[in-house]
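Visitor: Residue numbers (our numbering), protein chains in the order written: chain A, 1 to 225; chain B, 1 to 223.
Derived by calculation from the structure, the hints in this document are not laboratory data.
No residue lacks a Cβ here, since even glycine has one placed at the ideal position from N, Cα and C.
Any given hint could turn out to be false.
To be verified - These stretches of chain A come out as covered by chain B in the derived footprint (C-beta under 8 Å, 3 or more residues):
no. : segment
1   : 52-62
2   : 75-87
3   : 129-138
4   : 191-199
Each chain, letter by letter, is given below.
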Amino acid sequence: MAKNMTLLWCTGSCPCWRAMIALEEKNLQGYNHQLLSFDKMEHKSQQVLDINPRGQFPTFKHGDNVVNESYAICFYLESQFKSQGNKLIPDGPEEQALMYQRMFEGLTFYDKLGNVIYYDWYVPEGERHDSALKRNKDALVAELGLWEGYLSKGSGSFLAGKTFSLADVVVFPTVAFLFRFGLSAGRYPKLEEYYALLKDRPSIKASRPPHWLEGPEEELLLKEI
Amino acid sequence: MAKDMTLLWGSGSPPCWRVQIALEEKNLQGYNQKLLSFEKGEHKSKQVLEINPRGQLPAFKHGNIILNESCAACLYLEHQFKSQGSQLIPEGAAEVGLIYQRIFEAQTLAQKIGEVLYYNWKVPEGERHDSAVQRNKEALTAEMKMWEGYLQGCGGFLAGKSFSLADVIIFPGFAYFFRNGGSEERYPNVAAYYKRLKDRPSIKKTWPPTWNDGPGQEVLKDI
Chain A
1 MAKNMTLLWC TGSCPCWRAM IALEEKNLQG YNHQLLSFDK MEHKSQQVLD INPRGQFPTF
61 KHGDNVVNES YAICFYLESQ FKSQGNKLIP DGPEEQALMY QRMFEGLTFY DKLGNVIYYD
121 WYVPEGERHD SALKRNKDAL VAELGLWEGY LSKGSGSFLA GKTFSLADVV VFPTVAFLFR
181 FGLSAGRYPK LEEYYALLKD RPSIKASRPP HWLEGPEEEL LLKEI
Chain B
1 MAKDMTLLWG SGSPPCWRVQ IALEEKNLQG YNQKLLSFEK GEHKSKQVLE INPRGQLPAF
61 KHGNIILNES CAACLYLEHQ FKSQGSQLIP EGAAEVGLIY QRIFEAQTLA QKIGEVLYYN
121 WKVPEGERHD SAVQRNKEAL TAEMKMWEGY LQGCGGFLAG KSFSLADVII FPGFAYFFRN
181 GGSEERYPNV AAYYKRLKDR PSIKKTWPPT WNDGPGQEVL KDI
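Looking at chain A on its own, in the form it has when it is part of the complex (with noise of 0.2 Å):
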């Protein structure tokens, strides 16, 4: 079972860690899986490109099957394995409809703070404009204000209600980066609060970032917001 897995990987990456919070929850401990490295642009290394032309982290196989993509891990594992480990598609109507939602609102807020915090990585050095990184910046604003109220009005302490689901699988990676990044304490207390409920579940524990419990410190880019 595991054992028939292998994940590629790099360290500092919200998608790998979605996939690796997914397989521990399905108790796939003990899958193969082989850090790369991104600054070295192992991403677009022959070993990569022959399971993922996209040269992309993560990158995934199962057998013969292969799944990138972390969102389609995450779905891959939970219907694959349905039966073993946490159930991470709750069944009542509401609560998956909910979960669906917030997965998929789940990719904006991905990409609105990568728009900050990877905007030099992104943009080339002649086409930046301190204006659209404030742009960027008021975008992520709004986005943290959604997420907030989403967490106030909640049913539960979960994102898609009382129960841990996909949508935490795949969101809380995002909510942790906001913080290693800098956001302020107290300026957001619902996700603070998220963020505390669940930094310390084994399944998250186990895969954090391998580069966060050695420090440098990240560049607080995110303090200001």
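Start from chain A and add chain B according to the hints.
Guide: For chain B alone, coordinates are given in the frame of chain A:
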């Protein structure tokens, strides 16, 4: 069932179209629907904002359940109505993995199309660069070549032997590409897939009404 459903949508919007195709495929005809105009800013109207605070279409309701992300609505419909209409997610592991992967790759395709088509709308004049426009065009070209490769010898559907949720989600994106000037000659596999599916009942029935009014744009003709 369908009578408890309401879809607010705009013509020519791939995300809206996906939900319409899914509703047809699951035999949920008879849902309430309202066609709104992006040009008139109706996606930011109160009736939309009440369902979708993001002011985006599609906005979908089933009883008290709200789904405002097209793929979320499609996945919900497939899971809640698994036993009726077409089966959009089969059981086999290999097909399931591929279907989900293509669904998420479809997000990348939509993003890259948007980066070319909506550049002037998203980027204020003082921040525009020819180098960025060029880079976005190259990225979309590379993306279309990838899909061209995926559809090589694909047997009619994007993932596996039958029409699936992957086709529901990607088809509107390809249609949108061609509508906006994308070249059928340069992407023959994508064009063949598109032509084969355009007469599928769920797709034909939900073809964007405004696309029958006249030809589309040519913005993507160089991709």
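Visitor: Each of the hints needs a verdict: does it hold here or not?
Guide: Going through the hints against the structure:
no.: 1; hint: 52-62; verdict: holds (count 3)
no.: 2; hint: 75-87; verdict: holds (count 4)
no.: 3; hint: 129-138; verdict: holds (count 3)
no.: 4; hint: 191-199; verdict: violated (count 0)
Hint 4 alone, counting from the list given before, is not met by this structure.
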